[in-house]
Each structure stands twice: as C-alpha cells, then as structure tokens.
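Visitor: What follows is the residue order along each chain.
2 protein chains.
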Amino acid sequence: MQDFFALQKQKISAFLLPFLEKKRKDLKRTGDMGGGVCARLKTFVPRGKMLRGGLLVLSYGLFKPGVPAPVIQAGAALELVQAGLLIHDDIMDGDLERRGEKSLFYEYAARAQARKLNRAFHVGESLGICAGDIAFFLSYELLSGLDLPAGGGAGGSTRFGAGSHTRSGAGAGIGAERCTSAGTIPRLIGLVSRELSYVAAAQMLDVYRGAQDRLKLSENDILRLYTYKTARYTFSLPLLCGALLARAAEKQLPRLEKIGELLGIIFQIKDDELGLFGDSDKTGKPVGSDIKEGKKNLYYYYLFGRGGRTGHERLLNLFGSGQAGKKEIEEIRSLVIGLGIQEKINKKVDQRAARVSRMITQLPSGRGGARELLLELLRYNLKRVA
Amino acid sequence: MQDFFALQKQKISAFLLPFLEKKRKDLKRTGDMGGGVCARLKTFVPRGKMLRGGLLVLSYGLFKPGVPAPVIQAGAALELVQAGLLIHDDIMDGDLERRGEKSLFYEYAARAQARKLNRAFHVGESLGICAGDIAFFLSYELLSGLDLPAGGGAGGSTRFGAGSHTRSGAGAGIGAERCTSAGTIPRLIGLVSRELSYVAAAQMLDVYRGAQDRLKLSENDILRLYTYKTARYTFSLPLLCGALLARAAEKQLPRLEKIGELLGIIFQIKDDELGLFGDSDKTGKPVGSDIKEGKKNLYYYYLFGRGGRTGHERLLNLFGSGQAGKKEIEEIRSLVIGLGIQEKINKKVDQRAARVSRMITQLPSGRGGARELLLELLRYNLKRVA
Chain A
2 MQDFFALQKQ KISAFLLPFL EKKRKDLKRT GDMGGGVCAR LKTFVPRGKM
52 LRGGLLVLSY GLFKPGVPAP VIQAGAALEL VQAGLLIHDD IMDGDLERRG
102 EKSLFYEYAA RAQARKLNRA FHVGESLGIC AGDIAFFLSY ELLSGLDLPA
152 GGGAGGSTRF GAGSHTRSGA GAGIGAERCT SAGTIPRLIG LVSRELSYVA
202 AAQMLDVYRG AQDRLKLSEN DILRLYTYKT ARYTFSLPLL CGALLARAAE
252 KQLPRLEKIG ELLGIIFQIK DDELGLFGDS DKTGKPVGSD IKEGKKNLYY
302 YYLFGRGGRT GHERLLNLFG SGQAGKKEIE EIRSLVIGLG IQEKINKKVD
352 QRAARVSRMI TQLPSGRGGA RELLLELLRY NLKRVA
Chain B
2 MQDFFALQKQ KISAFLLPFL EKKRKDLKRT GDMGGGVCAR LKTFVPRGKM
52 LRGGLLVLSY GLFKPGVPAP VIQAGAALEL VQAGLLIHDD IMDGDLERRG
102 EKSLFYEYAA RAQARKLNRA FHVGESLGIC AGDIAFFLSY ELLSGLDLPA
152 GGGAGGSTRF GAGSHTRSGA GAGIGAERCT SAGTIPRLIG LVSRELSYVA
202 AAQMLDVYRG AQDRLKLSEN DILRLYTYKT ARYTFSLPLL CGALLARAAE
252 KQLPRLEKIG ELLGIIFQIK DDELGLFGDS DKTGKPVGSD IKEGKKNLYY
302 YYLFGRGGRT GHERLLNLFG SGQAGKKEIE EIRSLVIGLG IQEKINKKVD
352 QRAARVSRMI TQLPSGRGGA RELLLELLRY NLKRVA
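So the sequence lines, in the order shown, correspond to chains A and B.
Under my numbering, think of the first position of the first sequence as 2, with each following residue one higher.
Under my numbering, think of the first position of the second sequence as 2, with each following residue one higher.
One chain only, chain A, in its complex shape:
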C-alpha cells in the first residue's frame, strides 16, 4: 500500500515539477514575485505524501487498467489544491512551520523582516494569500487542460461516439448513464469547485469556533465539520475524480462518496488521537498543539461532557489557553483514558470501519488490486496509533 502511494507520488512529481517550472518562467512576465511562488511550490508539494493524488489514481484503477497521463495530471491538480489550502490555513492558524520547514507565509514574513520592510508579518500574510490563490488557479489550469481522448474518460474506449455532448451537471448524475468526454472536464471541475466551497465554509466554522473559549457543540456539529473540512475533500473527492476519469457507471459514484466520508472521518479521528497520544517526532507536529489552539475535536467534546462541574473549569483552562505544557497534556491524556473516552471513541471508529469495509468489498476488485489497496489503507489508518 505504501509502495503504491510512493509510486504515484513519484509519477505525480515527475509531471508536476516540469509544469511548475514552465509556469515559473511564464509568470516571470508579471515581474519577479510570481515565478518565485512556482519555485517554492516545487519544493513544497513533493514534501507531502500526496494522499489525494494517489487516491485518485487508485480509484481510476478500480475501473480501468493502466494509468494514463491525464489521471496523473488530475492527481497533480488535487495536490496543488491541497497546497493552496495549507498555505491559507497556515496564515489563519498562525502556524510558522509546515512539513518541517517554515510555512510559506512565514517564509515571506521572515524575508520581509530581514529586509526591514514595513509591517513585515502582514506582508508575509498578504503574500501568502496570493500564493495560495496562485496554487488554486494553477490547479484549475491543470484540470482545464486534461487531454482526454475523444469519446471517453482518460484512456477509455470510444464506444460512445466522438464527444457526444451529454452533460449531467456537476456532481449529481442526472441523465447520462456514463460520463462522456465532452462533459468530463466541466463535470470534474464542477465537482472539485463545489467540494472546495464546502471545505472553505467548514474552515470558517473551525476558525470561528477556535476563537471562542466556551462553546456548546453537539457531537454532530463536530462530525459534520470533520466530514466537510477533511473527509469528503481528502477521500470522497479523489475517489469521485478517478471514477469520472475512468467513466465508471453512475451508480458507483454515491457509493464512492460515502466510502470516502467514512474513511475520512476515521482518518480525522485517528489524527486527533495522534495529536494527543502521538510521538511528535513521527507526526511532525508538537503533541497537544490541537489543545493549545483550542481545536474543538471529539476528545474535547467528550471531555466536557464527562468532566463534571469541577472538571469543567479545569478543562477550560487547559483547552485554548495556549498555556498547556507537558504536565497539562499528561493530565488530559489520563482523563481521556480514565473517563473511558478513548474506549468510546474507538468504538465509534470500529463501527465505521466495519461499515466501510463492507462497502469497499462491493466495489470492483480493479486491476492491480486497487480494491485491496483501499482496504489496506483502512487497516493502516486504524493502527496508526497503536
């Protein structure tokens, strides 16, 4: 499984780096800043795992053999989208580090500081906003330029005739049994755009909640945020994109969407767990940073629900105070285990794992064991902490 993703990452990089180099040269026409963003993306993007790009390739493989060039290009587009979101997120969260280096906006801020520019930190944030925007625009340029053969998805046959024009609306599968070439690119772009608007809307909620100390949330509120901020975008979207490119039958799409949501929620809960119990050397982010930033995750929810009245004030001081040190994090860990929260959350994860596992086995097995790879990904996620 990890080999598969490493291989796709290699392929995506091999496509993306020359593209970014070409854009670097092209953007120089505007002056000497835009090219720099492309140069920076060339080192930034390959430092990620390229989970989304890899998943898109995997999904294609469920329905079609081989990995045609447009599939890699679409995977690269998703990785640029991810870069844009991370660049903007780091500004919002004030994260100075990302992927083991300075975050992009902070790099600009540090440079502005070194040159003694006015309001250097704000200059860094402003340049970061533009850089994130550029990553989005480049991503759309890649999607719009997919070279799909006439009559079908990437590498598909031409049995539906050259470019018969059957659009079925972004996302929903109305009308056409299978998507045809003329409509695939617009449909793909519609799907990506709709999903990204959900991500940005969910991020707003996260920002807004993060700035409030005392906040009454339901478990549903939290799971909805997980769904729209992470799960659908990280899992459902690549799975759907791959299926559209492979011209999978329409009935597969809602199934893949749901599989993505379940995998994504498990992934996010495990991420929270890692944030609390993980080894910061391996996770790349300091233990307890979620707590320090006041992130309202499932642990937060159950702690407040079960902490009792006296525990409540104590927790408020621990969460979101920005002051939580080693001792305080230890205290929260003990509470999470002692109050049976860890067990309760694990149970929720297990229920979802069983359900998604069943759903995955209903997918076509795919060439090169694509379906098995998805099951492996699930298992890998489940044991990330243990």
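Worth flagging that the hints you see were computed from the coordinates, not collected in a lab.
Misleading hints may appear alongside valid ones.
Since copy identity is lost for identical chains, a pair holds within one copy or between any two.
[What the hints assert, rightly or not] Result set (EDC-like, lysine to aspartate or glutamate): computed pairs, CA atoms no more than 20 Å apart in a straight line:
1) Lys-29 to Asp-222
2) Lys-217 to Asp-33
3) Lys-29 to Glu-262
4) Lys-259 to Asp-27
5) Lys-259 to Asp-351
6) Lys-12 to Glu-22
7) Lys-117 to Glu-258
8) Lys-29 to Glu-258
9) Lys-384 to Asp-96
Got chain A; can you put chain B on it based on the hints?
Guide: Chain B only, in chain A's frame:
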C-alpha cells in the same frame, strides 16, 4: 453606453442572485458560516458596476446577435472572481471600507470583536480569506456549468458538427480555426485561470513594493504591473471570454487581447489621476489614499524623476508615510502640474487612445452597435476626470 452596462448588470444580477441563494442553502450543510458568505455576496456583488461582466456581453455582441443565458452566466462568473479578488485585496491593504460599506473581512472582524472573540481582527482576516476563496470556487462552478449547445459557443450554430473534440490549449490558438463546443468550457476555464495567476502574481509585487519606502522602479515596471494586475484581467479577459463563447475566428483573439491591454492601461492611469485629483464623494475613496498607502504609480515615478534632490526627501515623507493630509496632497497636486507631469502622462494616454481607437475600428461592428459601445467606453474613460 452607460445604459448598456446598466442593463447587463441587471441581467447578471437577475441570474446571480438566485444562484447565490441556491448555494446559500446548499452550503448550510456545512454549518452556519458558509451560507452567510453567499448571503453577503448577494449584496456585495450588485454594488459594483459589473464592468467585467458587461464587457463579456459586449464582446459576444461583436460576433453574434442576442445574449444567450450562458453568456450572462459567464459574466456572473467574472463578477464573482472580482468579488473574491476584492475581498482578498482588502485584507492585504487593510481597507476597512469597500463600496460604501464595511469591507467583508472587517465586517467579520467587527462581529468577532462585538462577541469578544480572541484575536478578533485576525479572525476577521481569516474568515475573509475563506470568503474570497469561496467566491473563486463559486465562480468556477458557474464556468464549469455553462450549458453550451452542442457544436458551438453559446447560441452558435452547429455547423462544425456535434462536439467535435478540438482543444487548442488554454489561451493560445493553436490548431483549431474556431473553438468548438467540447473545448469551449475547458478553454475558457484555462484562460481565466492563467489570467488570474498573473493577477495574483502582480498583486504580490504590488504588496511587496508598497512595503518599501525607497524603491527604484522603471516606468516599464509600473506599466507591467498595470498590465497584469488590472488591464488584462479587467479588459482583455472579458473580451476574450465573450469571443470564445461566440466562437469568433481565432485571428480576432490576439487583437482583442491587445485592445484590452490598452484600454486597461488607460483606465488604470485615469484611476490614478482620479485618486489624486478626483472628488472623493464621486470616486468613493478618500483623495490621496494611494499616496498614503505608498502605491508606486506613474505619478510617483515621474515625481521622483523630476523632483530633484531636495524634492526627493520631501516626497519620501509625503509618500507612504501614512501621514499625508489635505495640505500635503495639495502640495503634490501642485508639483504634478508644475513639473509638467500631468501633461506628460496625458500625452501617454492620448497615444494609447489613438492606437486602441484604430484597433477597435478593425473589429466587426457587431449587432446592436457593440463596436461603437467599445469606442464610447474609451471616450468615457478619457474624460472621466476632466
């Protein structure tokens, strides 16, 4: 001319408002923030003049009669892009007002402040970043969903056969003599994306220069910024989009691109002039705000070139100090006239006006006098100040 733009604005609004209302409801699935952005865009977008959307319709009219629905939809998409750019720009420039109301990020900041949230101003900036992103994503959703009839641009005939698949790369016109239906949407999206990456790159340069007190720029540096930050995006892009939708002959595209650049540079220079000599009641922004913000415009360039050594230090104090009051602005106005700068800049404008006027007369006259409207727009721009 103003009637034409007012009418297109009406049509674009009539399409855009129900779309935003639909998205407002849809985004509610993510929680209670995303819908609010759409509600806010519903009042924000119609307060603009919708120059870009109107120009797109005008350009379509050069080549085809009528105004089919997809042309209005594409115009609406450009207005959403503009909204996204303005929302992000206001964060970067720290502009608290826009179109006579609180700027979007500042509205969020004020609300966060009223609710005593932590770091309220930063919360406002963060929510503004997301809101701008959402405007971009909605715009792409509109572009991807253009319902073009088989075989041609919006409302075009089918003489090139149903959806024959001839893509000719984003922007450049390689291969296909005319754009066909299958390729029109991807090509349009590629064109928009490429141009937006130029805008963002140019904006970076503007931010970076704005933060430097002493900066040696050539006239070319400034004109290049005008070209990529404003001119091409505001004029060339809508003209090209309209022509693509009308399936204009390929040879028209470079002509429209150049016309757009020239019109746009004139527009920008006149905007600078308004910023210095205009009536703030009419322009909607305080006189001299460019000077206060240290914007490096053509006036800035000539003032420094002609101010002499003693004038230099004085100018440095006036520009970018954030302190320029009425008296200082009066002083700059006198210098601009006394040193013959106004005259020199007017001459540059006139040269360009003559050139673009000649180029416009080479365009087809269009139904409903589209070509004449473009000439009127030029004349209107030229006399905006006088």
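Visitor: If a hint holds in the structure, say so; if it doesn't, say that too.
Guide: Okay, the hints, checked on the actual structure:
no.	hint	verdict
1	Lys-29 to Asp-222	between (45 Å within a copy, 12 Å between copies)
2	Lys-217 to Asp-33	between (48 Å within a copy, 14 Å between copies)
3	Lys-29 to Glu-262	between (40 Å within a copy, 18 Å between copies)
4	Lys-259 to Asp-27	between (40 Å within a copy, 18 Å between copies)
5	Lys-259 to Asp-351	within (16 Å within a copy, 61 Å between copies)
6	Lys-12 to Glu-22	within (16 Å within a copy, 41 Å between copies)
7	Lys-117 to Glu-258	neither (49 Å within a copy, 39 Å between copies)
8	Lys-29 to Glu-258	between (40 Å within a copy, 19 Å between copies)
9	Lys-384 to Asp-96	neither (28 Å within a copy, 49 Å between copies)
In summary, the numbered hints that this structure violates are 7, 9.
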